[in-house]
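Given the structure of chain Y, go ahead and fit chain P onto it with the hints provided.
Given next are the chains, with one letter for each unit.
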Amino acid sequence: MAPALPAAVRFSGVSRSFGDVRAIDRVSFDVADGEFFALLGPSGSGKTTCLRLIAGFEQPDAGTIEIYGESVAGVPPYERNVNTVFQDYALFPHMTVAENVEYGLMIRKVPPAERRRRAGEMLEMVKLAGLGDRRPIQLSGGQRQRVALARALINRPRVLLLDEPLGALDLKLREQMQVELKGLQRQVGITFIYVTHDQGEALSMSDRLIVFDHGRIEQIGPPAEIYERPATTFVAGFVGVSNVVDAELARRLTGTAQAFSIRPERIRLVEDAAPIGDGALSAKGVIVAAVYLGAATRYTVQLAAGGQLLVLEQSGGEAGPARATGEPARLTWLRRHHQPLR
Amino acid sequence: MNPVAPSTLPVGPEASRSPLHRLSTVLYLRPTLLLMLLLGPPLLWLGVIYLGALAALLVQSFFYIDDYSGVVVRRLSLATYGELLTAANLDIVVRTTVMASAVTVAAALLAFPLAYFMVRRASLRLKAILYLGVVLPLWSSYLVRVYSWKLILAKEGIVTWLAERLGLGWLLEAVLALPGVGGPSLSTAYLGTFLVFLYMWLPFMVLPIVAALERVPRSLLEASADLGARPAQTFRRVIAPLVVPGVVAGSIFTFSLTLGDYIIPGIIGGSQPFIGQAVYQHQGTAGNIPLAAALTVVPIAIMAVYLTMARRLGAFEAL
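Chains as they are written, first to last, in this note's numbering: chain Y, 4 to 345; chain P, 1125 to 1443.
In short, the hints are calculated from the structure, not lab data. Be a bit skeptical, because a hint or two may be false.
Partner residues are not named here, just some residues of chain P that face chain Y (Cβ under 8 Å, in silico) [stated by the list, open to error]: (1) V1183; (2) A1349; (3) R1354; (4) Q1357; (5) I1363.
Chain Y regions said to be covered by chain P (calculated; three or more residues, Cβ under 8 Å) [to be verified]: (6) 68-81; (7) 84-93; (8) 96-107.
All C-beta atoms, glycine included, are put in the ideal place defined by N, C-alpha and C.
Next up, chain Y with everything else stripped away, as it sits in the complex (with noise of 0.2 Å):
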């Protein structure tokens, strides 16, 4: 039996302050060989942080990191076998798109015959061949982005950062991108980190994901995971959108004390006299806004009990007919989509 490969990238309670800010708070995680694993979080929760910790940019204060099993403390990056995409592509402007290409094996004097031969290939792998004479300053954005890609690509690093690699791109080329980003990434069969702001980025994309919060893991796991059962009242508001019923509600609605959260697309609006089956919940309110947005419509329901839920209701199909603000509304659903909060 082969012995298990050690894991890409391995945090053991790692911290990083800067002057008073705890940019990450002894935080520890895996990230296994050949894994998309994204770290989603708002900005200043320390994803960054972490990523150029891996990058070796920065030096942890406390913790140990490993890259395959082999601790990089005091190693700076240009001997780490990780390459970074950056958030700002971070081109060279007097260099050919070739050239940026190029860099990392003139760095490392390889023959220009075959550093011209890789770059090329690299290039019509990112879908660029024939661009390499240009300035990075005559490209597209995303075009930009393609050139940063390869030229981390061409060292055949063992991890790849990527620092919100699609945050400058507009939506329909973000959703291109996306797609085109997993496919090479399976193709390459190289472990990504990927850092991201973008839930849905986050959830698209990665095997397994990080939601962090203030420095600190909120939650890991796979995005159906995360989504499904969120773990903390941060990861129900961050991840989605997510009713958060406090302990107090949580009483008056179903007789326990115990914070939940549920996703609105798990409440239906339902007739007044509607039976409720076994083991479903039901409460009744006032609609006080309907957003339509194509899809679905999106209703928040004042309850008797207090509070405010969101339904979300998809259009066509079963949906009823639409209803407008001030009507009367009952909400049902199942207890077991529940996912109670810590």
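Okay, now just chain P, sitting in the frame of chain Y:
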């Protein structure tokens, strides 16, 4: 009930009743007219006073002086340029150019580490203090500073005193004994002239390099390290090429200021003149305006050659 009151601003022809309003409207609708009004004065200034004077100078340099009467002959000729090529005048040109080059190179070598520290390492507060330290000398009188240097560098001055106190009097003696740059004391040696030029023009080198370094984002340096470059390689491949335009801008100042100055070498240094002093003598006491003009064309020609070379070497590609 409407909580938002309707606008009371006049709309349509009513709005253009006041002359000021009408003027705004005219300029808003005709941006070219506005541009011409704004650019007219500076363009006139540049065109007439700068380029016009320069053209007059160039024309003067093609006149020549009649050896017997001492009167300027207003006929185009290369006679004055021929005079420029005499040994004495060539000597002046070479001396000045070598001095200007030495001052420029030394200023760049001193300014770069300082600028780098200011931009990449210093705290905001320290950076402000250093900025002030660099530009503060420019606020005080140029002449006072030159004469202060005369005292500092004199045989009885603080440099000699300090060298002797430190037991380095022999070193100062040895330096002053160097042929060409030495002399009886620093204040009468070309080395002294060099030091004062360097002191005077250093801010003009520091500031453009600081500006150039500030335009290099930190992420470029990180990207270079990330791709395997050691700091020395990052310096050579990324920082240096991106900062060259700043160094060239600074060297234009240090080089041309040294080429044109006539006060510093007149107060500190040896007895042989620099271009500035020669121009001053020819256009003043000697009344040889054509030769003064031809001597002035020399720095212009040198700068033109220098900038062409810099461009050929790709100094401006990063701009």
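Hint-by-hint comparison with the structure:
Among the interface hints, the one on V1183 of chain P is violated; its C-beta lies about 41 Å from the nearest C-beta in chain Y, farther than the 8 Å criterion. The closest approach between the C-beta of A1349 of chain P and any C-beta of chain Y is roughly 4 Å, which is under the 8 Å cut-off, so the hint is satisfied. The beta carbon of R1354 of chain P comes within 6 Å of a beta carbon in chain Y, closer than 8 Å, and the hint placing it at the interface holds. Taken as an interface hint, Q1357 of chain P checks out: its beta carbon lies about 6 Å from the nearest beta carbon of chain Y, inside 8 Å.
Below 8 Å, beta-carbon pairs count as interface contacts, and I1363 of chain P has none with chain Y, the closest being about 11 Å; its hint is therefore violated. Beta-carbon proximity to chain P at under 8 Å applies to 3 residues in the region 68-81 of chain Y; the threshold of 3 is reached and the given coverage holds. Interface restraint, the region 84-93 of chain Y with chain P: holds (7 residues with C-beta to C-beta distance below 8 Å; minimum three). Residues of the region 96-107 of chain Y with a Cβ under 8 Å from some Cβ of chain P number 4, which satisfies the need for three, so the listed coverage holds.
Checked against the numbered hints given earlier, this structure breaks hints 1, 5; the rest are met.
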